[in-house]
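Chemist: Chains Y and C, in that order, give the protein sequences. Here the numbering used here is used: the first residue of the first sequence is 1379, the next is one more, and so on. Here the numbering used here is used: the first residue of the second sequence is 537, the next is one more, and so on.
Hint data in this document are derived by calculation from the structure and do not stem from the laboratory. Be careful, since some hints might not be right.
Once the Cα atoms are required to be at most 30 Å apart in a straight line, the calculated BS3-like pairs of lysine-lysine come out as [what the hints assert, rightly or not]:
| no. | chain 1 | residue 1 | chain 2 | residue 2 |
| --- | --- | --- | --- | --- |
| 1 | C | Lys588 | C | Lys633 |
| 2 | C | Lys590 | C | Lys645 |
| 3 | C | Lys605 | C | Lys539 |
| 4 | C | Lys590 | C | Lys539 |
| 5 | Y | Lys1435 | C | Lys645 |
| 6 | Y | Lys1449 | Y | Lys1387 |
| 7 | C | Lys539 | C | Lys633 |
| 8 | C | Lys590 | Y | Lys1435 |
| 9 | C | Lys588 | C | Lys539 |
| 10 | C | Lys633 | Y | Lys1387 |
| 11 | C | Lys605 | C | Lys588 |
| 12 | Y | Lys1449 | Y | Lys1435 |
| 13 | C | Lys633 | C | Lys590 |
| 14 | Y | Lys1449 | C | Lys645 |
| 15 | Y | Lys1435 | C | Lys605 |
In silico contact screen, one side only, chain Y against chain C (beta carbon under 8 Å); selected entries [claimed, not checked]:
| no. | residue |
| --- | --- |
| 16 | Met1405 |
| 17 | Leu1423 |
| 18 | Gly1436 |
| 19 | Val1438 |
| 20 | Pro1439 |
| 21 | Pro1461 |
| 22 | Ser1473 |
| 23 | Asp1477 |
| 24 | Phe1482 |
| 25 | Asp1484 |
Ideal placement from N, C-alpha and C gives every residue a C-beta, glycine not left out.
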Amino acid sequence: NAGVTQTPKFQVLKTGQSMTLQCAQDMNHNSMYWYRQDPGMGLRLIYYSASEGTTDKGEVPNGYNVSRLNKREFSLRLESAAPSQTSVYFCASSSGTGDQPQHFGDGTRLSIL
Amino acid sequence: LAKTTQPISMDSYEGQEVNITCSHNNIATNDYITWYQQFPSQGPRFIIQGYKTKVTNEVASLFIPADRKSSTLSLPRVSLSDTAVYYCLVGDTGGFKTIFGAGTRLFVKA
């Protein structure tokens, strides 16, 4: 029962470096999401993909790009990392629209120096 | 999107029932109410979801009054392992822009 798998679990980058966070789900879900969570805060939506082949901006998309590679995989790319992007990144998936429960991965802890 | 308001933190003791109330005054007709639990260093986990009246599962109960402007998550007989952050969300039916607030930090003491 893998559910939602994120890689890597931890990463340290230098300012200006690029990085792709990977996410895969094995629940045959249509929708996938990327969130960031800063210390002591709730989750903020970066991008989402309603279905394979579509992506849309969430609340905080600046500095990120996404790719819905296929139905299973949804990646998040930082083209030029900045210290303000230091955060924990969570990927989630759900079967349908925003009222459907989301299933989350365990997160990627990203530090940018 | 309906905004939610929850208490920032709550304390309880083992064995007690805990009720966490969430306000969502601008909830839309088709919106559902969903609660998640998050432990440190983990992603949020779905607890319960409802539309109106009462919903119960093996983990919790969710009470929703007729006007649906608030909801209450009830955790029966909490244990130390229930120490976590609890988020109340109102579903954006037809859309995907889920909003997580700051949540309620529940601390269960022995």
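Chemist: All hints, please: hold or fail.
Modeler: Now the hints, each set against the structure:
Restraint check: the Cα-Cα separation between lysine 588 of chain C and lysine 633 of chain C comes to about 22 Å, which is no more than 30 Å; the hinted pair holds. At most 30 Å may separate the alpha-carbon atoms for a hinted pair to count; lysine 590 of chain C and lysine 645 of chain C meet this at roughly 28 Å. For a cut-off of 30 Å, the pair hint linking lysine 605 of chain C to lysine 539 of chain C stands: about 11 Å separates their Cα positions. Proposed proximity of lysine 590 of chain C and lysine 539 of chain C is supported: the alpha carbons are some 21 Å apart, at most 30 Å.
The suggested pairing of lysine 1435 of chain Y with lysine 645 of chain C is violated, with an alpha-carbon distance near 41 Å, which exceeds 30 Å. Straight-line distance between C-alpha atoms of lysine 1449 of chain Y and lysine 1387 of chain Y comes to about 22 Å, which keeps the hinted pair within the 30 Å bound. A hinted pair counts as satisfied when its Cα atoms are at most 30 Å apart, and lysine 539 of chain C with lysine 633 of chain C qualifies at roughly 12 Å. The hinted pair formed by lysine 590 of chain C and lysine 1435 of chain Y fails the criterion: a straight-line CA distance of about 34 Å is larger than 30 Å.
Taking the CA atoms of lysine 588 of chain C and lysine 539 of chain C, the gap is near 18 Å; set against the 30 Å cutoff, the hint holds. This hinted pair checks out: lysine 633 of chain C and lysine 1387 of chain Y have alpha carbons roughly 25 Å apart, not beyond 30 Å. About 10 Å separates the Cα atoms of lysine 605 of chain C and lysine 588 of chain C, which keeps this hinted pair within 30 Å; it holds. For the proposed pair lysine 1449 of chain Y and lysine 1435 of chain Y, the alpha carbon gap of about 18 Å is at most 30 Å, so the pair holds.
At roughly 26 Å between alpha-carbon atoms, lysine 633 of chain C and lysine 590 of chain C fall within 30 Å of each other, so this suggested pair holds. Taken as a hint, the lysine 1449 of chain Y and lysine 645 of chain C pair is broken in the structure, with Cα atoms around 43 Å apart against an allowance of 30 Å. Taking the CA atoms of lysine 1435 of chain Y and lysine 605 of chain C, the gap is near 28 Å; set against the 30 Å cutoff, the hint holds. With a cut of 8 Å, the hint placing methionine 1405 of chain Y at the interface with chain C is violated, because the nearest CB-to-CB distance is about 12 Å.
For leucine 1423 of chain Y, the interface hint holds, the least distance from its beta-carbon to any beta-carbon of chain C being 6 Å, beneath 8 Å. Given the 8 Å rule on beta carbons, the hint for glycine 1436 of chain Y holds: about 6 Å separates it from the nearest Cβ of chain C. The restraint placing valine 1438 of chain Y at the interface with chain C is violated, with a minimum CB-CB distance near 11 Å, outside the 8 Å limit. With its C-beta approaching chain C no nearer than about 11 Å, proline 1439 of chain Y sits outside the 8 Å limit, and its interface hint is violated.
With its C-beta approaching chain C no nearer than about 22 Å, proline 1461 of chain Y sits outside the 8 Å limit, and its interface hint is violated. Annotation: interface hint on serine 1473 of chain Y violated; nearest CB of chain C at approximately 12 Å, more than 8 Å. With a least beta-carbon distance of about 3 Å to chain C, the hint placing aspartate 1477 of chain Y at the interface is held under the 8 Å criterion. For phenylalanine 1482 of chain Y, the suggested interface contact is upheld, since its CB lies about 3 Å from the closest CB of chain C, less than 8 Å.
At its closest, the beta carbon of aspartate 1484 of chain Y sits 6 Å from a beta carbon of chain C; the interface hint therefore holds under the 8 Å criterion.
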